[in-house]
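S.K.: As a plain string of letters, each chain reads:
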Amino acid sequence: MIDPVILLFLSSGLFLGWALGANDAANVFGTAVGTRMVSWRNAAIICSIFVILGAVISGAGTSQTLGKLGAITALPGAFMTALSAGFSVFVMTKSGLPVSTSQAIVGAIIGWNFFSNQATDTSTLAKILSTWIICPLLAAVIAIVILKISKYFGRKMNLSLIRLDAYKRIALIFAGALGAYSLGANNIANVIGVFIPVQPLAELKLGSFSFSSTQQLFLLGGLAIALGVCTYSKKVMLTVGSDLGQLSSTSALVAVISHSIVLFLFASQGLEALLSRYGLPTIPLVPVSSSQAVVGAIVGISILQGITAVKWNVLGKIIVGWIVTPIFAGIVCFIGLFFLQNVFSLSVI
Amino acid sequence: MFENFSLFKRTSELESKIDQFFEKLAEASVIYRLAVRGYLREGASEEFKERLDTVGELETQADSLRRDIEQKLYKNILIPDSRGDVLGLIETADDVLTLFQSSLWAFYIEKPLIHDQFANGFKRLTNMVIKAVDELALSCHAFFRNPHAVPAHNSKVTLYEKEADKISSELKVKIFESKIKLVEKLHLRDFVNGIDGIADHAEDVADRLSIYAIKRLT
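Note that the protein sequences, when read in sequence, are chains A and B.
According to our numbering, the stretch in the first sequence is residues 1 to 349, in order.
According to our numbering, the stretch in the second sequence is residues 350 to 567, in order.
Think of the hints as simulated: they come from the structure by calculation, not from any bench.
Any given hint could turn out to be false.
To be verified - Computed cross-link-like contacts, DSBU-like style, restricted to lysine-lysine with a CA-CA straight-line distance of at most 35 Å:
# : chain 1 : residue 1 : chain 2 : residue 2
1 : B       : Lys505    : A       : Lys148
2 : B       : Lys460    : A       : Lys156
3 : A       : Lys317    : A       : Lys68
4 : A       : Lys234    : B       : Lys460
5 : B       : Lys424    : B       : Lys460
Unchecked claim - Stretch by stretch, here's where chain B covers chain A in the computed footprint (C-beta under 8 Å, at least three residues):
# : region
6 : 25-38
7 : 199-212
Think of the CB as a built atom: it goes at the ideal place given N, C-alpha and C, for glycine as much as any other residue.
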């Protein structure tokens, strides 16, 4: 049984997980549900299962990167870091900025580093910052390649309109499952990454199986995301399907697949090991923004379709989000830690 | 193995119904041609009535298929992107069948007196109209399976329609230059317009289809 005090401290991370599930599931299944190609019930079940699997099986890579940025060693400190990230996401969303949990948590960790006088690992920070820019660019490139390939094969295969629709439904389910797995693997670090160095949970033994604190945290985080998917994502999927909803179903499918691949690339330890074995440059394991990956993919598709009018205001908002979100989260975290330490007399370092 | 999945079963059923619908259109055009040629030979004979009934049956069957397709598309929420286009296409294509039937009914009820000097003109006009409708049926079929082929079929529909317009104008000139009574001239003119109107409608459907095909290809 988890100590209620520990659970209370974990609540900020679990809330982040819930919000992530509620919002980002729309990037994975929004189109499929919005266009009624897949029922919300099926989408929620598939999304929940694969988010948990992704978090538990492949969540370690991105969590380690966040750990390198700032190893928070006290539970109240981790609580405030996750809470300030969650609060920043809330405020930025209210301001209409395309906010990313990944960027908020990075800012919050740096806020903790400042408060605790710990030096921020600049090489890790540079790696993380570069992925924020690379992520949408890579999604755009992948989307262009996939769309080209799908158009080529679409022409060769000459499938009937009706049969093509059936295949698209199946593909949307597979792409959604891959997307949910990648989302769990990549973004679980945002949810519970800051709690891992604290190791708040005792090892759990079930017969011959034992679950470490980290594994339990991954599971709890995954369950929180799944809860977000099951309780709140329907509304988001049906109403916020916005950008994706305006695309044709093929383009939307390509956007979802590209998003899933990008998130997977930035989370896969297996791929990293494979690339380094052959002496190739590795892809940093960093939690990236699911929404920005989708936006990048849509831009790629638009370029390919000859839509040259770039929505500068959307692009501008994303760039503002890159700067404002982490700074805001960092400041909120710094102030919050100050209060926890000096008003509530809790050890945050 | 995939056929066992209900999604693929529904897909196959819908595909088959759409194919059947356009088969009815092609079948009706053949019968229509035979009926008009038969009328030119022997008037509103028993055989003509049978052909009229056959076209009527085909129209009823096509109507029922259209309703079935509409229900399947909406009930099973299939092809959400192109559902409106498919329904628009099927509804306007269904009107071609209605035009075939009403044209034959007009022959049967009004029994126009077509003098030998005009018979060849009517024959040529009917042939051209049928060519336009047959090409339209091919174009509709291509829309579902190979949208790249739609423009080529539609160009032929337009070509046949223009040719039908030319034949109908020539025929009307011939009718009005002839020595028959004015009332007969006006009566025949209505029939020429009625037959030519089928090709006009086929061209309208082809125009819609061109837009739908462009949407599918982008």
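S.K.: So which of the earlier hints does this model not fit?
M.R.: Violated: hints 2, 4, 5 and 7.
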